[in-house]
Amino acid sequence: MQTKGMKIWSGINVALGVLAYTVLLDGIWFWAGFICAAAAIILGNKGRRSPEKGKRICSVTGIVLAVGAAVCYLALMLLHGYSMPDIL
Numbered sequence: 001m002q003t004k005g006m007k008i009w010s011g012i013n014v015a016l017g018v019l020a021y022t023v024l025l026d027g028i029w030f031w032a033g034f035i036c037a038a039a040a041i042i043l044g045n046k047g048r049r050s051p052e053k054g055k056r057i058c059s060v061t062g063i064v065l066a067v068g069a070a071v072c073y074l075a076l077m078l079l080h081g082y083s084m085p086d087i088l
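Residue numbers 1 to 88, in full-length UniProt numbering, belong to the letters of the sequence shown in order.
Read the hints as simulated data drawn from the structure, not as lab findings. Where hints are given, some of them may not hold.
[As the list claims (entries may be wrong)] So the derived label-pair ranges between C-beta atoms look like this:
id: 1; residue 1: Ile35; residue 2: Val64; range: 15 to 25 Å
id: 2; residue 1: Pro85; residue 2: Ile35; range: 18 to 28 Å
id: 3; residue 1: Thr3; residue 2: His80; range: 37 to 47 Å
In this text, a Cβ means the ideal position worked out from N, Cα and C, and glycines have one as well.
Throw the hints in and build the complete structure from the sequences for me.
Right, here's the structure in full:
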C-alpha cells in the first residue's frame, strides 16, 4: 500500500510533467514550464528508485512528459526556422 505522502509526491510529479508543456507559450509561461520540467525530472529520478510500483510508474510518467515537452519545444522552434544557437 502506498502512503498518502507517496501518492501526493507521485501526483505532484505527474502534474509537473504536464505543466512542463507551458514551455510552448511565451514570456513567463516559458520559464514556468522550464521550471516544472526540471522539477519533474528531479522528482522523477528520485521516485524511480522507490520500492513502490505505483510511485515508480508516476515518476517515469512525469519524466516522459517533461522530456516530451522539451522535444516538442525544440521541434517547434526548428520548424519555425530558428537555428540551434538561437534556441539555446
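A quick look at each hint next to the structure:
no.	hint	verdict
1	Ile35 / Val64: 15 to 25 Å	holds (18 Å)
2	Pro85 / Ile35: 18 to 28 Å	holds (23 Å)
3	Thr3 / His80: 37 to 47 Å	holds (45 Å)
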